[in-house]
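Given the coordinates of chain A, work out where chain B with the ligands should sit on it, guided by the hints.
Note that the protein sequences, when read in sequence, are chains A and B. When we follow the numbering used here, the leftmost residue of the first sequence carries the number 39, and every step to the right adds one. When we follow the numbering used here, the leftmost residue of the second sequence carries the number -13, and every step to the right adds one.
A portion of the hints provided could be inaccurate.
Only pairs whose alpha carbons sit at most 20 Å apart, straight line, appear in this in silico SDA-like list of lysine to any residue [to be verified]:
#1 B:Lys89 / A:Phe213
#2 B:Lys89 / A:Arg214
#3 B:Lys73 / A:Phe213
#4 B:Lys138 / B:Ile87
#5 B:Lys86 / A:Gln209
#6 B:Lys73 / A:Arg192
Read the hints as simulated data drawn from the structure, not as lab findings.
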Amino acid sequence: MRRLTLRTVALGYLALILLGPLSVVFWRAFEKGFGPAWNAVTTPEAMHAFQLTLVIAAIAVPANTIFGVLCALLIVRHPFPGKGLLNALVDLPLALSPVVVGFALFLLYGRTGWFGSWLSGHGIQVLFALPSMILATAFVSIPFVVREVVPVLREIGTDQEQAAETLGASQWQTFRRVTFPAIRWEVAYGVVLTTARSLGGYGAVSVVSGRLAGQTETATLYVSDRYENFDIVGAYAASVVLALMAIVVLLTMNLLRPKEGVH
Amino acid sequence: MGIHVEGVTKRFGSFTALNEVSLDVQQGSLTALLGPSGSGKSTLLRVIAGLERPDAGRVTISGEDATGVAPRKRGVGFVFQHYAAFKHMTVRGNIAFGLKIRKRPRAEVRARVDELLALVQLQPFADRYPSQLSGGQRQRMALARALAVEPKVLLLDEPFGALDTRVRGELREWLHRLHDEVRVTTVFVTHDQEEAMALADQIAVLHDGRIEQVGSPRDLYDQPQTPFVMSFVGAAAQLGERWVRQHDLDLRLEPTAGALEARVERIARLGFEARVELQLAGSGTVWAQMTCAELNRLELERGDTVWVLADRARVFAESS
Ligand SMILES: Nc1ncnc2c1ncn2[C@@H]1O[C@H](COP(=O)(O)OP(=O)(O)O)[C@@H](O)[C@H]1O
Ligand SMILES: [Mg+2]
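Isolated chain A (complex conformation) (with noise of 0.2 Å):
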């Protein structure tokens, strides 16, 4: 009886919380029917948001996966100095609204900024380009590699890694055979998380893109940009081919990931 209720209340805030929103937006880009809302997202701006939405991802989601593991290496295996700083500093962009992080990037590299102007003085653009929309995505995303990776490095212990040293391992070969055999789960489920936020991205992209249609617009400023423009079809549309999007890399992971407890 007390398991029914608990199922009953975890079950019904999902569906109010979760299933709701999303079973909307989905009911919403099919009420007219497939076809316009097909329509919607294959106009050209709209491909293009996808594409830059993606091209971001491509990029900012690998330098994140390796920053993030030399990082939880860094942390958990090399004690040193303002270790304690980097560790909070990792945290930093979950308590940081995206937001202030895109007027943040917008200072540093404005015209008049502390970089932009000595960037804009050699011709390159990256305010309002694709290279701040790229730095303001990796900012926002940066805790999560490093989150997932960290606990379990503890966990492991150095053993196996002096064992491999012992047996004739190079420090890369320790890294490849042994570390990250052992890691591997936790950098996919970080690397999982970090696509979905830099998918997801809107605060600091929105800041730092001048939100150019068909130049700087990603998915989700696409998404925002039909809506304010009475465009419910194509808002809604494009929203469900971000959530097919995330449902496809979720998906993934769980097939990735082997059955647990086989070993």
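For chain B with the ligands alone, kept in the frame of chain A given last:
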């Protein structure tokens, strides 16, 4: 040749784990590092392997100065206390690890791994993962993995520490036979004096980061140089200034010249052997050790008064 440790000091912060330790290990010998928990045994073993860098002193392996050499270039095989099995590799993969790192040809790796699997009697388990093995099997796998790369020296940290008594005894016998067969210079850590005595040609007794004495099991037992060695290697009783083996306490039922008066407090029969707790008239209690047959002959009862002779007691020079 063998291993030569000279004046090694190792500190962790302000704590001195090893204090000017020197030790010689003969080529092909089987040496035990014996001492209570926290005495620095593992630290010394790790310094030899290069896993810990000493603050002072030198380590020489097979005549070559190894002090600044990375662990992977020392040619040591190390068996960790908790095995440190590669969890995501099969038994075969674990054993092959060092050979694959050395990029040996595939056929050679296979042959060598098969040979080692036979040596440690794990052929039926070759394709299992470490989590599917018992403690003893994991230990043998770790040993095979260390031996695969033909190390110049084999270092084992509490090799039988985590196993139950029966498996422990079997594995001990087995390691002894293995050493007779392979003859690789071996150093193992243990806190169990019986294990050290049963297995080693040479024992180094550690206490608070120092080596108290090095010698054959017989030397340590018959000629202990400090009270610590005397009481750690075989049980000893203290009678004022004098130290004596518990089985060298001679109990008499009549007053005897030079004997101490004592009262029987407790009698424990352990099968072949028996122990008698004695309250000395002066003060303090000691345990006496004898065979049950002897106890029967004396017909001791709790509360009896006896006279204790300790002819073979030793007196140690003032020490620390
Ligand atoms: N990495 C370390 N950091 C701090 N103290 C350590 C470290 N390793 C060992 N010690 C300390 O050094 C002493 C000796 O340790 P160890 O060599 O492991 O002892 P044993 O193996 O004889 O039980 C212990 O008091 C232990 O707490
Ligand atoms: Mg130890």
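Structure-based check of all given hints:
no., hint, result
1, B:Lys89 / A:Phe213, "holds (17 Å)"
2, B:Lys89 / A:Arg214, "holds (15 Å)"
3, B:Lys73 / A:Phe213, "holds (14 Å)"
4, B:Lys138 / B:Ile87, "holds (17 Å)"
5, B:Lys86 / A:Gln209, "holds (15 Å)"
6, B:Lys73 / A:Arg192, "holds (16 Å)"
When the structure is compared with the earlier hints, no violation turns up for any of them.
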